[in-house]
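Asker: As you go down the protein sequences, you meet chains A, B, C and D in turn. Read the first sequence against this note's numbering and you will find it ends at 252, with the numbers running on by one and no gaps. Read the second sequence against this note's numbering and you will find it ends at 252, with the numbers running on by one and no gaps. Read the third sequence against this note's numbering and you will find it ends at 252, with the numbers running on by one and no gaps. Read the fourth sequence against this note's numbering and you will find it ends at 252, with the numbers running on by one and no gaps.
No lab work stands behind these hints, which were simulated from the structure alone. You can trust all of the hints, since none of them are fake.
Because identical chains share one entry, a pair is satisfied inside a single copy or across any pair of copies.
Once the Cα atoms are required to be at most 25 Å apart in a straight line, the calculated DSS-like pairs of lysine-lysine come out as:
id, residue 1, residue 2
1, LYS142, LYS237
2, LYS7, LYS142
3, LYS56, LYS7
Protein chains: 4
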Amino acid sequence: MIKVTVWNEGLHEKLSKTVAGIYPAGIHNCIKSFLSSQEDIVVRTATLSDKKCGLSDEVLDDTDVLIWWGHMAHEKVPDKIAAKVAQRVLDGMGFIALHSAHYSKPFKLLMGTSCSLNWREGDRERLWTVNPSHPIAKGVPPFINIPVEEMYGERFDIPEPEQLVFIGWFAGGEVFRSGCCWQRGLGRVFYFQPGHETNPTYHDENIQRIIINAVRWAAPCRKVFNVPTGHSKISPEERLHEADAKKH
Amino acid sequence: MIKVTVWNEGLHEKLSKTVAGIYPAGIHNCIKSFLSSQEDIVVRTATLSDKKCGLSDEVLDDTDVLIWWGHMAHEKVPDKIAAKVAQRVLDGMGFIALHSAHYSKPFKLLMGTSCSLNWREGDRERLWTVNPSHPIAKGVPPFINIPVEEMYGERFDIPEPEQLVFIGWFAGGEVFRSGCCWQRGLGRVFYFQPGHETNPTYHDENIQRIIINAVRWAAPCRKVFNVPTGHSKISPEERLHEADAKKH
Amino acid sequence: MIKVTVWNEGLHEKLSKTVAGIYPAGIHNCIKSFLSSQEDIVVRTATLSDKKCGLSDEVLDDTDVLIWWGHMAHEKVPDKIAAKVAQRVLDGMGFIALHSAHYSKPFKLLMGTSCSLNWREGDRERLWTVNPSHPIAKGVPPFINIPVEEMYGERFDIPEPEQLVFIGWFAGGEVFRSGCCWQRGLGRVFYFQPGHETNPTYHDENIQRIIINAVRWAAPCRKVFNVPTGHSKISPEERLHEADAKKH
Amino acid sequence: MIKVTVWNEGLHEKLSKTVAGIYPAGIHNCIKSFLSSQEDIVVRTATLSDKKCGLSDEVLDDTDVLIWWGHMAHEKVPDKIAAKVAQRVLDGMGFIALHSAHYSKPFKLLMGTSCSLNWREGDRERLWTVNPSHPIAKGVPPFINIPVEEMYGERFDIPEPEQLVFIGWFAGGEVFRSGCCWQRGLGRVFYFQPGHETNPTYHDENIQRIIINAVRWAAPCRKVFNVPTGHSKISPEERLHEADAKKH
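The shape of chain A in the complex, shown without the other chains (with noise of 0.2 Å):
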């Protein structure tokens, strides 16, 4: 089994009537219930009004991989909890970044970049799949058309992603490229664009194949691995030029 955590700043939905028009019971509840319909994943949620934004250590000690929605509030997230966030990352969580959390501090501090982009309200979106066999497209056709979303386009100061899966076109000219994944220490950890508030495409079946696909991809190979680093462990007697020296 796969333990996801959502994490959602969970504002929205109660500033505005569209976002709960939208997500009544929350975005973290909306992903939760479609993360929740695959028997190989078991989901629990959190959220920035939790006591310690719901990331306490028992939390996450039981997190195979943590997705993040944030927007309106990211500088309410203690630094603590985003470096500790990180660190876990680092540590071989998997981190899923949706649409706003570009600017989440667990995701700059992944990336050491500013992580700017352009935005602008609502346009058609087009999203294109050009890394078909990724495991994260599994499923997924060459295109998506997206009604409406948030315009999100380049430049997107991140770092070259070492996987790009998929690029949004969007009606008024712009680009991005809207998937993307890296590894970060034994982590993973992919960016999602798509997930504005105010539009329901995390309704949409397609949008929620991809990120069930990269729970999978993000879910750690193993969750307790040992890689000794600091002032050397290996023996003496492991050292190879030592070795050969002992022998003559």
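Assemble the complex: chain A is given as a structure, and chains B, C and D must be docked to it using the hints.
Answerer: Frame of chain A, contents of chains B, C and D only:
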């Protein structure tokens, strides 16, 4: 001085009045003309109808960067010449594949993939700079409008670009990885999508700037380089293990 | 079930008593044996002396991952079969090139480079895991000692690996990028250096684990995939620009 | 002219007679000296004991490439200065992290990983050039012998290098990705392993050549660059979809 050879199939210009009207001296001479305006670049041209396709050993010995435009007669280029060109790239020569040269023999040999794509007749294109500090983007604005270009769309079957510099947007709803960099052997390879024969794209100042930049980027660091391969040429004295052994 | 075909040149085993002593049933059957111990893998073998090199369309239709071992008779593999194998990789089949298969025809076709390297007779090797959370490194310790392996040293003329998983250290003073991953078309390619015919390397449990992992990593996400290319199959109704035009 | 600032912690030279013997004027002045011999490079130095670490806005405004050497006092560099340096890199400044600067604050901020590694006291190193046509390897032989260097060994916790230029071999049995390139924002980053304070490594002509090359590689294409981000600055007229709409 960077020595450039511009290779052009050179058939459309002879067969079509439209093309001849846009490029009266041929696409190769248009490219030669704007490259020659640069103080650090000297240019010769070669075409399919020249003896040995204009690509004798003498010419290639004197070429730092080879630019390739071909479309309707890829198969007319002898396999031997294509293999020789690819080998020169492995030896350090720069290679710039323009537009339909995605299907040219040397490019396919260097990529190892089918290099297939989707295409459609002319459409408006907007070319986005996604890596603005890459040498090939020097002086290039955030985006370039191209009034009409043949549509090239994903999926483009290429190895993941080592640097993706430009992404094309087409009015009909498509995107394309339009400016892509790779290294093969000791040589650098750049693919650049704009430049259909019936469109005056190579007269565009920004397109010219990109090709000029690409020439400088693709020029080899050093012309002659000796990378030993095969049975190790390291003398026994330099083999560290045996050197150890001797000391004792 | 992952369907694996292990291809072996199969000549050294016939020509050398030493090699026959180490691999009495041939290298291919040694590899088949440890792969077959896995519940999710079924294995067939094929050799150079089989009809069509044992690689008929029927066999390839039934192969998810092809493992290749060859050394002294690369040139005996017909160009047509090499091209067919490379095409299958582009179509999604996984490909694992072992040891001297760096010079095999299908691997060179897929890489587009000379794949040359430096080599020397047997030496002690220590294989380091540089990407411990990569699926191919699952359960593999930080390093593996190989008492004797043919020395393969840099410069290895390959495209920059998309993921570098292992680096080899040799007592004589050399290093080698020993475990390298690429994607080509829809297929995944892994090169793995250890496995000279006169060394019992494929009997090593950790080496076996790496090859088992590589099979699982290289197995295609889906066997049949339809990526449209050529003249755009998007219906006029789906062309967004024209759709716009109609509305007005 | 490329304007370089060499930053050195500058403590070992004061605390250890051995180090002072090797670098009487400090590591920074040794580096300044060989860089200054180049006609296209001008150099200033800065150290931890200078006001604001010698890295005022005025100094950084006048710096194309910042070289960083630090070891025992990484924590003494204020977070604010480290963040400012990292931001300058995103804005286009080149950054070269030498030896134990793998643990410096700016480098860790740019990488987003722990940058941990294994280390051991001095050993013989052989540094291999694995990408001989990379600009940083210009004029560098296939390998360089370093009689004694502190051992730095894998696993080195860095993002996959965009180009791996050098791999280090150590007599005790270790390997290390010793020369690694990345882009972050508009800036270029190079990490280079050799240069322990008690070894005379920066007096080695080949090591000097590599650092000189790295300065030229890391120098920004253009100092001032305006990449618009935030709310789209594209005028409504330039939005292609709306432009369409108007025509009808």
